[in-house]
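A.B. asks: For the record, the sequence lines run as chains A and B. Position 49, counted from 1, in the first sequence is what my numbering calls 49; the numbers after and before it change by one each time, with no gaps. Position 261, counted from 1, in the second sequence is what my numbering calls 261; the numbers after and before it change by one each time, with no gaps.
Treat the hints with care, as some may be off.
[What the hints assert, rightly or not] If we take Cβ atoms under 10 Å as the criterion, some of the chain A residues that face chain B in the derived model are:
hint: 1; residue: Thr-49
hint: 2; residue: Cys-51
hint: 3; residue: Arg-52
hint: 4; residue: Gly-53
hint: 5; residue: Ala-87
hint: 6; residue: Ala-88
hint: 7; residue: Asp-128
hint: 8; residue: Gln-129
hint: 9; residue: Met-130
hint: 10; residue: Gln-133
hint: 11; residue: Leu-167
hint: 12; residue: Lys-168
hint: 13; residue: Ser-175
hint: 14; residue: Leu-176
If you're looking for bench data, these hints aren't it; they were derived computationally from the structure. Note that the structure is predicted; figures quoted are calculated from it, not measured. All C-beta atoms in this analysis are idealised placements derived from N, C-alpha and C, irrespective of residue type, glycine included.
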Amino acid sequence: MRCSGRAVLVTSLLLLFAAPQLLGQRVAERHGFWFGGGVGMGSARLSCTICRGGRNGGMSGYLRLGATVTPQILLGAETTVWYHSEAAVDYLLGSVQAVLYLYPARKSGLYIKTGFGLAQYSAKDDQDQMSTQALAGQFGVGYEIAVNGGLSIVPYANFLGSSGADLKFNNTVSSLSANTSLIQVGVGLTLH
Amino acid sequence: MQSIRRTIRRAVSVLLLPPTAVLTACGDNGYTGIGPVQETGQAVQFGIWTPGSNDTCTKEIHDRYSVVALDGNRYNTWHPPVDPETGCSFGHEHGRDPRGSRLYSKVGPIPFGMANEALETWDPQNVRHEDHFGHKIDWENNIEFVRQDGLTGALFSVKCDVLAKLHQGTHSKDAFTNNLHEVVYHLSCTDGTEMHVTMMSAIGTPGGFTRTCDGTRVEVGAPVPANSPNGGGQRVIPDRTCVDQFMRVGPGQRADYNQALHESWQTSNTVRTDDGHTIAHFNPYFQVFFPSRFYDPAAANITGRPIAECDVLDPARNHNNDLCDQSTSNGTLTGLSFDDPRSEFNGVRRFIDINDNNIDNKDGPEQWYTDPFGRHASQHPFPGSLRQWVAKLKNDYGFNVNGPAIGFDRDYGAPSVHAPN
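Isolated chain A (complex conformation) (with noise of 0.2 Å):
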């Protein structure tokens, strides 16, 4: 699990930033509604006054969808999901968020990215269970290879956090306030 985890974080970071300048910069053209999805790795941390403050990583995911703007403003949905699993604990991000994508440049395929919405963090075990659900933003980048027709190939890395919000032990509201952060690698797929 490690392993094919640090796999896909060297991948995704070689596809991002060498990846364009191999494949000689092939862009998909980028019209009417778009989907995509891509699975990497991802850091999460729960942050509060009395949180151990350790960063837990994982295998994430998302999928998105929307509609081209103009080729250079792309608007969409984006799910996010994060998971970790330690010493019978089981951990959960998940986010949604409304997203807007921005292409610098109309003949690449680098684009920045930024959403607005709700996430929230879980964790259980056999025993107990808590949650925090709070508002959230993220920023992103990726680069998008065109590989056949509309359909591209996505390295990107994203930081998603949330805002502080009361944290529910059991269903029970503690006087605790939580945040939660989360920083993703991977690759994915678009097909406009």
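Let chain A serve as the given structure and place chain B on it in line with the hints.
C.D. replies: For chain B alone, kept in the frame of chain A given last:
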């Protein structure tokens, strides 16, 4: 002549005090218990210890270990069982040296009997005097308060410094009926939880106690003071029933001293306003193994002595070098008195279950004044009030953040320590 002597003694005491042995105010900028205070007199319970026949220190040496508290009165405070300067022994101990606590730099020496002293003013007709031996201190630095298994341990951590003192006399009949005992409690945690509370803890219902070995309520008699309020928790104390059942065992059986002679003083303390709002709550359980007494209605002063039981135990029992064997050189010594230094029944084996520490004081202030029982919390001092300090926060997380047992492996005994202790 006596007043001149007292003045000289006080001057000598002041000269011998370490610079930190003066307590003063705490404000809204963080608690501090150290600073200049004008000494106005001596507490009623200052200087009440006098040496017994087994003790080699003088009263004067003993009373050098003193402190001037917030109220301007001089109090006895912690000292080691043996005076390091003279090598003399006091014959009793007060638990762990508080100077090792990280809270000591904030708190300073702990005065013994400040809440009792406040009660002298708050309710002069119903005072509560406690002996010197019973003041017992324990502390621990940087201890984890979140259960470390499962979900909470994976996600959360709260570490605390705790320094606690309870008057817990386990050598006399006092606690058979009396439920009021002074507690001093200092706590500071990484999540901001902090409290510094001194009060008379009402432990359970006055007039009786809970029997150690079966949980039965045992009624004994009228408490002192007569108007002692009921409190939360209970005083679990052994009596003749427990001794007969678990200590006086038959041939081949092993005496179970833990079952026969275990005391558990389970406190439940609150700082509360007149409108019923609980600002702070803490409920440490103070445990003692092998005290020098048990309740025996047929005994002189209704106080049975475990060491006396050693003389009548069945010699055919499974000895296993038990406490009676250790105390009596394998049964060769008989008739030891309860205060013989050779007796293992001296109350030096103790620990504290720290348990819950709840604060609901988000709107403050940090500094409160209460009556000696932690009630009538007010922002302004009043006659007989005690100053309390509680951090401005609410620490209800929805899951248990509570302290573990501290001091379980410690033994405060020394060759010179003996009952009464």
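A.B. asks: Going back to the hint list, which numbers does this structure go against?
C.D. replies: Hint 10 contradicted; others consistent.
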